[in-house]
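Chains as they are written, first to last, in the numbering used here: chain A, 1 to 320; chain B, 321 to 640.
Everything labelled a hint here was simulated from the structure, so no lab data went into it.
All residues carry an ideal CB built from backbone N, CA and C; glycine is no exception.
Be careful, since some hints might not be right.
Said to hold, decoys possible - Which residues of chain A face chain B? A partial, calculated answer using Cβ under 10 Å:
| no. | residue |
| --- | --- |
| 1 | D13 |
| 2 | L136 |
| 3 | T140 |
| 4 | V150 |
| 5 | L194 |
| 6 | K224 |
| 7 | N236 |
| 8 | A242 |
| 9 | N245 |
Residue-level listing of the chains:
Protein chains: 2
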Amino acid sequence: MRMKIGIDAMGGDFAPLNVVKGAIDAYNCLQQNTKLVLFGDEESIIKICNENNFAANNFEIINTTEVIGMDDHPAKAFSQKSNSSITVGFEYLAKKQIDGIASAGSTGAMMVGAVYTVKFIEGIMRPCISSNAPLLNGGTAVIADVGLNVDCKPDNLLQYALLGSIYAKEILGYENPRIGLVNVGEEAEKGSLLTKAAYELMEADGRFNFIGNVEGHELFTGEKADVIICDGFTGNIILKQAESNYRLAKKLNIQNDFFDRFNYELYGGTPVLGANAPIIIGHGASTPLAIKNMILQAESVIRVNLIDKIKKSLSIKKNG
Amino acid sequence: MRMKIGIDAMGGDFAPLNVVKGAIDAYNCLQQNTKLVLFGDEESIIKICNENNFAANNFEIINTTEVIGMDDHPAKAFSQKSNSSITVGFEYLAKKQIDGIASAGSTGAMMVGAVYTVKFIEGIMRPCISSNAPLLNGGTAVIADVGLNVDCKPDNLLQYALLGSIYAKEILGYENPRIGLVNVGEEAEKGSLLTKAAYELMEADGRFNFIGNVEGHELFTGEKADVIICDGFTGNIILKQAESNYRLAKKLNIQNDFFDRFNYELYGGTPVLGANAPIIIGHGASTPLAIKNMILQAESVIRVNLIDKIKKSLSIKKNG
């Protein structure tokens, strides 16, 4: 399958250095017909390639002159910095000159880019971002939302369950992923106004394998759920707390494979689930390893045609 | 200081056995003039004392014939099971025949007991429960709320900050505890509708040392905050996720003092902050060690006269 993955070479705290290095590392892992298109300052990109003994013409480089910073107002910056790597990248995406876009830069600007250009999949109220995390049973969990929508409605959580289920099937290879709702108790009637209402919707839906509530101590055991659904506030706290296990273990000189798997660099990036094109968001502090994995993640999302799979699932009637 | 601590001998998944054993273990650690008053089935209590070669008359035993179970409706059970250990215990508390009450039983029934008898401290909208947790800097953190109020308003979080600050000062000995708000970003303008509004209130208050937002990976480093404020939904997830670190470490054969300190048994119980009398709630699955620490916690709360300290702090004007 031929594909072109757009990379925001200027996105992230250590851009363009870490992005270009990560793209170089990813290059040898990609399928033969996958091409990387780097948006950013051409001179810097070529210089980093040269310093790493890598032929810059392995990449397609689109020279851009502006950068949207983390402090910029996303909507204003997206419009006003019309020659920024993100804005130009989304123009290419909208024209299908690239098949997806990945950035470790401003999540806000990426979302504005989605809304202004490729839009959301029909029927999706608000997209979400997911993260992978290790399960003690050896599997990999999906957590969604991990921060895109911090004030969720029950309907949002229902859609995240559906999106997470499709992601777990298509990207992680689960046959019938178990979907759990993060909550403060096991019983259906436990929880906040949000989770109680979401529970009812999720239980009645029928398009995914809802197993009920999952409590804080059950998130990573794998005994209950493969996909962990919550609002973006809760998911952001859970994810950062979980990732800190890895750093804690390192600090405390604990060598353990399970704790090592909480290293975000292994997962690299998360697709915006519900956007109408492959849009992958990476960690602001991405290392080259994280960027490499973000790019490989983008390749998977495009290869399995995740967007079409989501559209198809959304068109299935509830309980149908 | 003379005091009588009421213990719900029938509360918890392994009551009365674990409760009586825990009370026996606590007995030798209490100050000379502290007396334990056990509410529950006298015959069982005496039997357990005998089996443990402990003179039952070291306790004051108030025989009760009913038990409020975890599945009982709290308000109905509190009224209808008028000879239950919790109901009778609260009668004693209301009449000041005991100075505080501790239970690992139904949190709901304990809260009903508070509302029906001793009430909340004037000005407190909703009380909270806190939990201690280890900090990597060697200190101890306070997290509040950890589950009493899952649907918080910004004013609730403001009061929890004040209550948590007093608790950290009086019980943990912090001189000027640093109060952090759990949030998804560092900046004041980040967060959910709830946390953005709470941030403004907390920053303007002036009665405690507000240091701003604390993210999920910063909760237990001790670099930012000593007291971690959040709604009860978030706090419950954080606490259970943190406690599972201890169990994970055990399962993975990791021996580490820091992870060991996430063992809830070390903290035992949490006072209901904002109730108008010392009310201590323990973990349903309490072991004897957890019960012992719950009782010692109750003794501390009574000894430092936490309730009066809270009343005094509430009477200080904001920014005064």
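Verification of the supplied hints:
For D13 of chain A, the interface hint is violated, since its Cβ never comes within 10 Å of a Cβ in chain B; the closest pair sits about 14 Å apart. Using the Cβ-Cβ criterion of 10 Å, the hint placing L136 of chain A at the interface with chain B is satisfied: the shortest such distance is roughly 7 Å. The interface hint given for T140 of chain A is broken, as the beta carbon of that residue sits about 16 Å from the closest beta carbon of chain B, more than 10 Å. The closest approach between the C-beta of V150 of chain A and any C-beta of chain B is roughly 4 Å, which is under the 10 Å cut-off, so the hint is satisfied.
Nearest Cβ of chain B to the Cβ of L194 of chain A: about 8 Å, under the 10 Å cut. The hint holds. Interface hint at K224 of chain A: violated, since its Cβ lies 13 Å from the closest Cβ of chain B, which is beyond the 10 Å cut-off. Contact between N236 of chain A and chain B, as hinted, is supported at the beta carbon level, the nearest pair being about 4 Å apart and thus within 10 Å. Nearest Cβ of chain B to the Cβ of A242 of chain A: about 7 Å, under the 10 Å cut. The hint holds.
Using the Cβ-Cβ criterion of 10 Å, the hint placing N245 of chain A at the interface with chain B is satisfied: the shortest such distance is roughly 7 Å.
The structure shown violates the earlier hints numbered 1, 3, 6.
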